[in-house]
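Undergrad: Next come the chains, spelled out residue by residue.
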Amino acid sequence: MSPQGGLLRLSGLLLGGVAFVVLALAWQGAYWANVFPPKLFPSLATVADTLVRLTANGTMLVSAGATLFRLLFGFLLAGVVGVVVGLLMGRVQGIEDALLPIVSFMYPIPGIAYAPLFVLWFGLGDAPAILLVAVATSFTVIINTWKGVKSVKPIWIRSALAMGARERSIFVKVILPGALPYVLTGLRLGLASAWRILVAVEMLMSVTRGLGWLIFGSQQFLNTDVMLATIAVIGIVGMLLERQVFLRLEQATIVRWGMMSA
Amino acid sequence: MNVAQQRIAAIEVAELATPRRRPPRLVALVRGAIAIAVLLAAWEYFARSGIFSRAITPPLETIFSALVAMIADGSIFKHTLATMLRVAIGLLIALAVAIPLGMLMGRHPVWERILRPPLAVLMPIPSLAWVPLVVLWFGIGNVATVLIVVYASTFSLLYNVWMGVKTVNPIWVRAAQAMNAQGSRLFRHVIWPAALPSIITGIRLAFGRAWIAVIGGELLASPQWGLGKLIFDAKEYLNADTMLAALFVIGIIGLFFERVVFQLLERATVNRWGMASGARR
Numbered sequence: 002m003s004p005q006g007g008l009l010r011l012s013g014l015l016l017g018g019v020a021f022v023v024l025a026l027a028w029q030g031a032y033w034a035n036v037f038p039p040k041l042f043p044s045l046a047t048v049a050d051t052l053v054r055l056t057a058n059g060t061m062l063v064s065a066g067a068t069l070f071r072l073l074f075g076f077l078l079a080g081v082v083g084v085v086v087g088l089l090m091g092r093v094q095g096i097e098d099a100l101l102p103i104v105s106f107m108y109p110i111p112g113i114a115y116a117p118l119f120v121l122w123f124g125l126g127d128a129p130a131i132l133l134v135a136v137a138t139s140f141t142v143i144i145n146t147w148k149g150v151k152s153v154k155p156i157w158i159r160s161a162l163a164m165g166a167r168e169r170s171i172f173v174k175v176i177l178p179g180a181l182p183y184v185l186t187g188l189r190l191g192l193a194s195a196w197r198i199l200v201a202v203e204m205l206m207s208v209t210r211g212l213g214w215l216i217f218g219s220q221q222f223l224n225t226d227v228m229l230a231t232i233a234v235i236g237i238v239g240m241l242l243e244r245q246v247f248l249r250l251e252q253a254t255i256v257r258w259g260m261m262s263a
Numbered sequence: 009m010n011v012a013q014q015r016i017a018a019i020e021v022a023e024l025a026t027p028r029r030r031p032p033r034l035v036a037l038v039r040g041a042i043a044i045a046v047l048l049a050a051w052e053y054f055a056r057s058g059i060f061s062r063a064i065t066p067p068l069e070t071i072f073s074a075l076v077a078m079i080a081d082g083s084i085f086k087h088t089l090a091t092m093l094r095v096a097i098g099l100l101i102a103l104a105v106a107i108p109l110g111m112l113m114g115r116h117p118v119w120e121r122i123l124r125p126p127l128a129v130l131m132p133i134p135s136l137a138w139v140p141l142v143v144l145w146f147g148i149g150n151v152a153t154v155l156i157v158v159y160a161s162t163f164s165l166l167y168n169v170w171m172g173v174k175t176v177n178p179i180w181v182r183a184a185q186a187m188n189a190q191g192s193r194l195f196r197h198v199i200w201p202a203a204l205p206s207i208i209t210g211i212r213l214a215f216g217r218a219w220i221a222v223i224g225g226e227l228l229a230s231p232q233w234g235l236g237k238l239i240f241d242a243k244e245y246l247n248a249d250t251m252l253a254a255l256f257v258i259g260i261i262g263l264f265f266e267r268v269v270f271q272l273l274e275r276a277t278v279n280r281w282g283m284a285s286g287a288r289r
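Each protein sequence line maps, in turn, to chains Z and W.
Using the numbering used here, you'd call the opening residue of the first sequence number 2 and step up by one each time.
Using the numbering used here, you'd call the opening residue of the second sequence number 9 and step up by one each time.
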């Protein structure tokens with residue numbers, strides 16, 4: 002790297018830090034000025050202390066593990082159901098006609114709105130939380146998969162037909178890879194929305210442990226430092242899920258096949 | 009074969025070659041109606057079978073009369089109005105914050121460097137994670153719920169404004185500058201219309217986020233009115249009929265915004281100005 006490039010990078014890093022310094026100063030300013038009672042508005046040092054303490058004694062790890070466990074199962078359920086239904090809708094006209102009105106109606110209803118209903122139906126605990134996350138996520142996956150199948154160029158299908166491909170190999174070799182960019186987008190959006198909803202679901206369903214529950218439980222005891230530390234962890238995990246899981250998956254498939262530039 | 013015949017033959021071949029011809033509209037409507045009817049009938053059968061108590065899986069008639077009762081005494085309108093007002097105020101605040109900041113980020117690399125890291129850190133935090141904290145700070149009520157809506161919608165809006173302004177074709181900007189357009193003229197006649205498809209996409213996404221946040225916020229922060237609050241209260245009294253009626257209203261409103269409001273907005277701006285790439289669905 003040329004020295005000039007290094008300098009540019011350094012100044013970029015410094016500029017990138019400016020906003021955080023300003024935010025931190027504003028936070029500490031509000032703390033020292035007693036805008037809120039100190040019990041409700043901890044200093045950044047307290048939050049950092051709490052974060053270290055909760056990480057060291059394992060609370061954070063156990064909570065994050067419980068939340069990720071629910072996320073994994075809810076998302077897997079939604080992914081399988083969503084991709085299958087979306088593919089069927091894309092390929093079979095009758096199924097598309099039948100399901101599209103229902104899916105379009107359900108899609109804009111926030112999944113979290115079902116939470117109290119699911120509590121009535123299935124009680125509290127893990128199973129209804131996982132189910133709710135799955136229901137809330139599946140519509141995003143369905144819609145995107147369906148759009149993906151629809152976006153496969155007819156000329157690809159026709160050239161495969163002309164080369165004597167059967168329905169089965171057309172599906173596996175043309176439709177699936179052709180629809181994959183949309184399917185992956187749907188899965189990525191689905192995972193992001195599952196993560197967002199799960200945190201709130203845990204608050205409403207009083208599960209035994211979990212990051213959302215940690216925030217909600219701390220509210221009763223005015224432990225704002227615990228709440229803020231948990232919010233930080235939620236942000237970090239969310240970012241990792243977004244960046245790591247799907248970027249890798251996209252690199253390994255559609256970018257490699259030349260369907261999308263990195 | 010003369011030219012006209014050849015052309016007709018070519019058209020016929022093209023039609024035959026189309027793998028799946030679209031069936032007439034009516035068939036799609038009938039199939040959709042049948043699917044909905046089957047779903048409703050299945051629900052009705054399930055509700056009357058007594059597997060779950062009637063109180064928690066009410067038959068359609070009970071849900072319908074709950075909806076009619078809420079329309080008759082006007083309470084559903086108050087709840088809907090409260091929810092919509094929170095979304096509207098929250099989105100307006102988000103627009104007021106995101107559009108200037110996004111423009112700055114898109115036009116000036118320095119601001120992009122400064123604002124990108126906090127955007128990357130704050131955006132992945134779910135807005136609903138803040139609810140318990142915001143409730144402690146501002147109490148239950150309008151301030152807390154509107155703030156949650158603002159948090160939910162600002163970042164995706166900011167992201168889209170930034171990207172929209174950043175990806176304005178530089179040729180257009182340079183052409184306008186060559187014709188001596190600067191400052192507000194350049195902004196009004198080139199950058200704004202060119203960035204608009206992306207901004208409208210941003211508003212659409214922001215509305216989707218805000219809609220989830222407002223319902224979740226109302227469930228968790230329980231202000232006096234609101235569709236989320238309606239569902240939350242109904243749970244306390246085991247009124248599944250009211251909950252399902254409220255869900256129905258939420259679905260109708262969501263569909264209305266998705267299908268009517270935003271399509272009209274796009275037609276009135278993006279399509280009319282010929283910036284069609286953003287409007288194609």
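Treat the hints as calculated values from the structure; they're not laboratory data.
Each residue gets a CB set at the ideal place from its N, CA and C atoms; glycine is no exception.
Mixed in with the good hints there might be a few duds.
Sample of chain Z residues lacking proximity to chain W, with all beta carbon distances greater than 10 Å (derived) [unchecked claim]:
no. : residue
1   : L45
2   : A65
3   : G179
4   : F247
So the derived label-pair ranges between C-beta atoms look like this [said to hold, decoys possible]:
no. : chain 1 : residue 1 : chain 2 : residue 2 : range
5   : W       : I64       : Z       : R249      : 42 to 52 Å
6   : W       : L272      : Z       : L241      : 34 to 44 Å
7   : Z       : W28       : W       : F72       : 33 to 43 Å
8   : Z       : I237      : W       : S57       : 39 to 49 Å
9   : Z       : F123      : W       : I179      : 37 to 47 Å
10  : W       : M131      : Z       : V82       : 36 to 46 Å
Undergrad: Hints broken by the structure, by number, lowest first?
TA: When the structure is compared with the hints, numbers 7, 9, 10 turn out to be violated.
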